[in-house]
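Using the sequences and the hints given, assemble the complete structure.
Residue numbers for the sequence shown, in this note's numbering: 32 to 172.
Not one of these hints is a red herring.
Pairwise CB distance ranges (calculated):
id, residue 1, residue 2, range
1, D37, R81, 33 to 41 angstroms
2, G145, R99, 32 to 40 angstroms
3, S144, R102, 40 to 48 angstroms
4, R63, D96, 15 to 23 angstroms
5, Q92, S144, 29 to 37 angstroms
6, G145, D67, 30 to 38 angstroms
7, R64, S144, 32 to 40 angstroms
8, T169, L127, 25 to 33 angstroms
9, R146, R102, 32 to 40 angstroms
10, R99, P52, 28 to 36 angstroms
Keeping only pairs whose Cα atoms sit at most 35 angstroms apart, straight-line, the calculated DSBU-like set for lysine-lysine is:
id, residue 1, residue 2
11, K143, K121
12, K170, K104
13, K170, K42
14, K42, K104
15, K42, K121
16, K104, K129
17, K143, K170
18, K170, K129
19, K104, K121
20, K129, K143
21, K121, K170
22, K42, K143
23, K42, K129
Since the hints were derived computationally from the structure, they do not count as laboratory data.
All residues carry an ideal CB built from backbone N, CA and C; glycine is no exception.
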Amino acid sequence: MILLRDNAMQKIVEDAERSYPNEACGLLLGERRGPDVHVASVHVSGNLSRTPRTHFEVDPQLRFDLERMAREKSLEVVAVYHSHPNGMAKPSEVDLSKAWEPGLVWIIAALKSGRVTDQRAYRIAIPKIEFMEINIQTKSD
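Below, the structure written as structure tokens:
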């Protein structure tokens, strides 16, 4: 399960809707507690993909900066999020081909006509490289 505050999920929703019709993306810092992931913060990234309507690429400088910040705060990059404009909140074949980091949670927000309609989270299942859906739980601030 991934646990995050309502305002963290709202930040993902707002970024997805603001970025529409392009894919939005970003990274989440937090910590792992047993099988659960607890999110401390959401960090929006510019989508650096050359085809942003159908692909995403997180800014590597953001990743570098967050890795440094995470070490200072005893946190880690625990999740990546992106949106599927006019698509479903499930991983695509392209997503699966980019899923090289075991333990990293993927949050996908689906949009229809510029509005988020669904958000789902996935974890990479090993040894077979595939996505396994996990629960999202939000709590009030």
